[in-house]
Amino acid sequence: MRHRLPLGPLLLVVAVLLINVGAHRWGGAWDLTAERSATLSPATREVLRALERRVMVTAFIERDAPGRVEAATLLSRYRRINRRVSFRILDPQLAPVELQRLSASPGSVAVEAVGGERSVEVAPHPNEIDVTSAIARIVRQVTSTLCFTSGHGERSPNDGTAAGLSTVARLLVENGYRLSTVDLLVQAAVPPVCDAVVVAAPTNQPSEPVVRAVVDHLRAGRGALLLSDPDAAADLSPLAQPWGMAFAPGVVLEQDPGSRLLGDPYSPVVARYSSGGPVPPGLGPTFYPRVGPVTVEGEPGRAGLSAFPVAQTSPRSTVEHDGADAGMRGPIVVGAAADESEVRAEGVRRTRLVAWGDVDFASNRYVGEGANAVLVLRAVDWLTQPEPLLAAAPNLPRLRELDLTEARRRYMLYLTTVFVPGLFLLAGALTWVVRRSR
Amino acid sequence: MTRSLAAKELKVLWASPLPYVLGAVFHVALGLLGYEQMSGRGQAVFQPIVPVAGFLILLVAPVLTARVLSEEIRSGSLELLLVAAAPPGRIVAGKYLAVVVSLVGLVAPVAAFAFLLFLYGSPDPGPVLTGLLGLVVMAAGLGAVGLLASSLTSSQPLAALGALFSTLLLWFAHAGSDALDANALVAAFSISERLRSFAGGVIDLSDLVFFPSVAGVCLAASVVAVGARRMR
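Residue numbers (this note's numbering), protein chains in the order written: chain H, 917 to 1354; chain L, 113 to 344.
For reference, chain H alone in the conformation it holds in the complex:
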């Protein structure tokens, strides 16, 4: 007897394959979430299509924290579009080493290029805009240049002593920044290649041409990190005042024993941050060995400009100036930021400044303390961030809480673990009884 080929089943297999390939390539998807939170915008799809390197996206969200499930759903959509995207969600409390290695903070998302040159970008929030922007920076290999000013006794990124900034410099290079030094005694202007300048506690007062050079650099739509030293004679206020901020004289005296280090009132530990701006959500405490106050104008008086406090000491802190009480009462602002956007014909021009009343927190000696290193990195990220890559509104899922009392928890437990399985056993027992009775 001649065996016939099972033609029908073979045709079915071929048809099934064709249908699947067709559905994968041309099939649509229906997002049934209330906020359309699982739908990726065309801009995100474009960025993902351009992604040719493998990236590992790591979201640091606590196990039972709100948003963890939604983050998994969102990131799985990224992976569906480009398989080079892998993702994981780690509890920051259980993975502190990864958190530190990726210079991330709880609640943020690190995007790490795998293979080839190492590159890490951190998205402050697990939402589409931030994550796509981080991936886009890797795709486009945007390398920002950070220029440290010199010539007025500033702290140097090449200085390996305790007061130097070589550790921060190394961290910045590891995070994809190009570093340069610009001597404004020699150069009349900040070179256009500098995306942001770092003015790290000059000991001599910057002259008028130097101030003009930095202000012009900022007015061209770039950034500046101003680190002051309360013990230095130089005042950086002329650099910050056009954007509604200033450095006040004096040093913060922390009177709250729980908010200072080792009982030293001149060493406040700051854990009060404003959301948004350069500080990522969930940033741990930062430590400052002598920090001066920063003042922020309530109404900077210019359209498109906003200046806002970023880090504050405890309500019990005061300011001491020349050995006497300066009359300022806590919370004292020790870090502030300004953001000015102007819409022009060629696009949006954005100027960003971060002003901090201390430089030592970023020095080789102290940058490893608390979350100091993360703060410096995120501040620089914020300063050099390209224009938002996505104009889409953040389609974040609404937080939906479950109203659980102890009694309700018990009911839930009994219903799911006792009642439902019990029904199966009861049905089984009844069947057995009926069968035996026949």
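No wet-lab data here; the hints were simulated from the structure. Owing to the predicted nature of the structure, the values given are computational and were not obtained by experimental measurement. Be aware that one or more of the hints could be misleading.
Restraint-style ranges between C-beta atoms, simulated for each label pair [as the list claims (entries may be wrong)]: (1) L/171 / H/1179: 55 to 65 Å; (2) H/1257 / L/216: 48 to 58 Å; (3) H/1031 / L/124: 51 to 61 Å.
Backbone N, C-alpha and C define an ideal beta-carbon position, used for all residues, glycine too.
Following the hints, position chain L against chain H.
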């Protein structure tokens, strides 16, 4: 004929203690794990329940389906059916119908979690519906895998183990894809990733087509396997 075969199979299947015990074990495990998820998060979200239920279905389906054809092969009643001119396609379709109905009956009480969410909160109904739909289509797909394994051997344990091994491979296919640096081809077979899409509130046409496709291919192979017995 298909319907009468399905009805007979359902009667045989549910006359044994197997589906009741499986159902009870399935729901105790799901209850404990699901309770921990809901109680710990304190959020009205159905998403975390879906992969847990999905994995439990993956463990239960091979056991439930193992006897469906292998028992008939062992006892010789399959040959009798074939001699009575029952087409292999009809036999397989009838058995499959019974398997799907049984699996859906087993899984249906997962909706108790959705009930609790709506009782104590206001969950997004979209992901609840898509999650339940995902579980049903996955159960239908895994039922066919189990049926295929059962059609290939007269040994029930072997059929269960074969189906379990195959479905576990499919569940973890995406992990293999990462490790091997293979492209999307391997990961396209990942059940867990397909299910995650449903759990997230998205009905992707490729996911919707995937599980019936798995079922279609497995059923076709089962028809061939059963048909081959008639030729002997």
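Hints, verified against the model:
1. L/171 / H/1179: 55 to 65 Å: holds, 58 Å
2. H/1257 / L/216: 48 to 58 Å: Holds, at about 56 Å.
3. H/1031 / L/124: 51 to 61 Å: Since the Cβ atoms of residue 1031 of chain H and residue 124 of chain L sit about 55 Å apart, the hinted range of 51 to 61 Å holds.
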